[in-house]
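K.L.:
Now for the letters of each chain:
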Amino acid sequence: MTEEELFTRIQTVFAEEFELEPDQLTPEATLFEELGLDSLDAVDMVVALEKEFGVKVKDEESLRSVRTLDDLLRLILTIRDQMNSRDQENPA
Amino acid sequence: MRRAAVIGSGISGLTAALLLSRRGFAVSVFEKQREAGGALHRFRRGSIPFDVGFHYTGGLGHGEILRALWRHCGIDGKITILPFPEQGSDCVRVEGFPEPIHAYFSYERITDELLRFFPREKKGILQFFQTIRDVAASIPFYNMEVPLAGFLQSLAFPEQSSLADLITSCTANPALQTVLSLPVLLHGVRPGNIGLTMHTSVAHLMYQGMYTVDRGGQAIADALLQVLREAGVTVHTSAPVEHILTENGRVTGIRTSTGDFDADDVVFTPHPSLLPDMVSSAGLRKVYRNRLRDLENTLSMFIVFGAIEEAKHNERLRWTNYYSLPASLKIPTPCDRPEQCFFLSGCGYRDTEGAGKNGKDRAVIIMRPANWEEAEPFDRGPRKRAGAYSRWKKSEADRLVSAVQANWDGLLNGFRVINTASPLTFRDELSYVRGAVYGRQHTMNQFGVGARTKVSGLWLSGQSTLMTGVLGASLSALVTVGSMTGDLETLWREVRECV
Ligand SMILES: Cc1cc2nc3c(=O)[nH]c(=O)nc-3n(C[C@H](O)[C@H](O)[C@H](O)COP(=O)(O)OP(=O)(O)OC[C@H]3O[C@@H](n4cnc5c(N)ncnc54)[C@H](O)[C@@H]3O)c2cc1C
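Sequence lines, in order, name chains G and W. So that you can map any letter, position 70 of the first sequence is 66 in our numbering, and since no number is skipped, the others follow by simple counting. Here our numbering runs 13 ahead of the position in the second sequence, where the first position is 1.
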């Protein structure tokens, strides 16, 4: 999946699951200030992303650096790469 | 005065109500059933009392957490706590292992017992119990020096290492693995799916000493109800809450079958999957509603309630519970041959309450894990009415009783079946989703369910939130009330001062 496709899917998740307006969902949109999410939504966000992309966010630490939707895209890419390289090291 | 409506009168609802009224809230409790107490409620058949959701608990020794909480609530002097004596145990027969093993309620005594049967596993056994003790030392409820806030925060994210990881690193012996995983029967999650900290929060107490209460869970509920009455709290029974009323993202009250009730705060203690349908969709995000609906649940149970006449009095039943379990890490999931996995508690033998017409009957309860799917086919009207459900329950009860008789010679002499409960019973009597006896699974694969929600003034508590069991549900009330007042630290300090 290309970065662009991935971002479109992130937008879809936020539009559907968080019931946000699609035109708000730009890469620069900040989760907390502009999209109005709060700490209560953080867990739901992680759950929704796990379900959609199969990526496991292991701790709160990695979420701290996430401010915008684009940051979120980077985080998913990083986790996905880590998971892929692990799979290559330990082929099932 | 801030008005709070508490939904559900189990241990979490009653505890929350009391803690809130002590903090100046005007509190009312609403219970769907005709009687208060939730899983603590003791029902009677032919005047024999039967416990459902309370057989024993840890945490009631001097200086321990539940004792301190109950002292803080003012019920400590109103109930009689009965410690299991030294020889008391969960006595376990593991499939394929020749002798029964006593899982004593003491780190030292269970270690000695296991070393006796498994001398070659010495290193693993010692390492196992040392690890559980070390983990317990990081849990504030058991080591009150540990800060509570940080611990609660860490619970929001799934744990990384499981009970199964620890057990398999300590031993490959299947019978020993079963005995080491025994406490999972008190939280209902398989060893591979339960985080080590969550497991320890239950298991450590079992290894510290177990207790019961004279006259069972009802005595705890009655004591709380008495203190609540004195505090001016009304407990409405036969009052199912149908809807939680909100306006502009704020709670304004609740709707019951008999009318509306204004409230500034609502504490919801039933299964969280039931919440989304009770709140208008404006308040809670779709993603959260779906997460609550999709929560994975714990096992259900099939239970046989019966009695033995005291003339055939059996001292073996007083302080020992009996288990027959499959080998290795399979419990608590229902087995392929369900009757081969059960646990039995002679709870009537521990009680001062006379039973039966002549006061001579003693209640004995046999339980086995069950799947919702076993009972669900009988949920459809016609089949239920056709009596198929009763026939199924009877044949399951007979199989279970025969299995106990085959495994434990003479233990059930004079036993007669009086009643049964199936996953449908739990759904109907306690509103347990899919009959799940411990609520949602507190697994490593599932995120926690916190006390706060997006609707301001709407709070969650109960066994599906912080932790499960009588102790877990009580502590969930403490944490929820702490969040409501915004001063968990003070509340926590006051409870610690009651140690
Ligand atoms: C068979 C069995 C054996 C157990 N054994 C033990 C044991 O030995 N030790 C131990 O520590 N734990 C044990 N447990 C677990 C323990 O009983 C529970 O974890 C604990 O009692 C749960 O308390 P609670 O307040 O969260 O929920 P509950 O006691 O279930 O209370 C929830 C209440 O909410 C009410 N309610 C639901 N919907 C509505 C509505 N719409 N309006 C109003 N009221 C509503 C229900 O009727 C119920 O009374 C056992 C459980 C079972 C089922």
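To be clear, the hints were calculated from the coordinates, so they are not data collected in a lab. Treat the hints with care, as some may be off.
[Unchecked claim] Sample of chain G residues facing chain W (criterion: CB under 10 Å; computed from the structure):
hint, residue
1, GLU12
2, LEU21
3, PRO23
4, GLU24
5, SER35
6, VAL51
7, ASP55
8, ARG70
[Stated by the list, open to error] Quick list of the computed label-pair ranges, beta carbon to beta carbon:
hint, chain 1, residue 1, chain 2, residue 2, range
9, W, GLU121, G, LEU2, 49 to 59 Å
10, G, ASP34, W, SER415, 40 to 50 Å
11, W, SER60, G, GLU12, 34 to 44 Å
12, W, CYS511, G, SER81, 48 to 58 Å
13, W, SER182, G, ARG70, 27 to 37 Å
14, G, ASP34, W, CYS511, 46 to 56 Å
15, G, ASP55, W, ARG465, 12 to 22 Å
16, G, ARG70, W, SER293, 32 to 42 Å
17, W, CYS511, G, GLU30, 43 to 53 Å
Bear in mind that the values here come from a model prediction, so they are computed numbers and not experimental data. Ideal Cβ placement from N, Cα and C applies to all residues, glycine included.
K.L.:
Given a hint of 49 to 59 Å, does the C-beta separation of W:GLU121 and G:LEU2 actually sit inside it?
P.N.:
Given a distance of about 56 Å, which is inside 49 to 59 Å, the answer is holds.
K.L.:
Given G:GLU24 was flagged as interface, is its beta-carbon under 10 Å from a beta-carbon of chain W?
P.N.:
22 Å, violated
K.L.:
Against chain W, run the beta carbon of G:LEU21 and see if the smallest gap drops under 10 Å.
P.N.:
Since the shortest Cβ distance to chain W is 14 Å, the answer is violated.
K.L.:
Should the hint that G:ASP34 and W:SER415 are 40 to 50 Å apart at their CB atoms be regarded as holding?
P.N.:
Violated: the Cβ-Cβ distance is about 57 Å, outside 40 to 50 Å.
K.L.:
Would the hint on G:GLU12 stand, with a C-beta cut-off of 10 Å toward chain W?
P.N.:
This interface hint holds because 7 Å falls under the 10 Å limit.
K.L.:
Does the CB of G:ASP55 sit less than 10 Å away from some CB of chain W?
P.N.:
6 Å, holds
K.L.:
Minimum Cβ distance from G:PRO23 to chain W below 10 Å?
P.N.:
Cβ of G:PRO23 sits 21 Å from chain W, so the hint is violated.
K.L.:
Check the following: the C-beta atoms of G:ASP34 and W:CYS511 are separated by a distance inside 46 to 56 Å.
P.N.:
Violated - the Cβ-Cβ distance for G:ASP34 and W:CYS511, about 34 Å, lies outside 46 to 56 Å.
K.L.:
Please test the hint of 27 to 37 Å on the beta carbon pair from W:SER182 and G:ARG70.
P.N.:
36 Å, holds
K.L.:
With a cut-off of 10 Å, does the beta carbon of G:SER35 approach a beta carbon of chain W closely enough for the hint to hold?
P.N.:
Where the cut-off is 10 Å and the nearest Cβ of chain W is about 9 Å from G:SER35, the hint holds.
K.L.:
Please test the hint of 12 to 22 Å on the beta carbon pair from G:ASP55 and W:ARG465.
P.N.:
20 Å, holds
K.L.:
Evaluate the given range 48 to 58 Å for the C-beta pair formed by W:CYS511 and G:SER81.
P.N.:
For W:CYS511 and G:SER81 the Cβ distance comes to about 53 Å; the hint holds.
Comparing the model with each numbered hint stated earlier shows that hints 2, 3, 4, 6, 8, 10, 11 and 14 do not hold.
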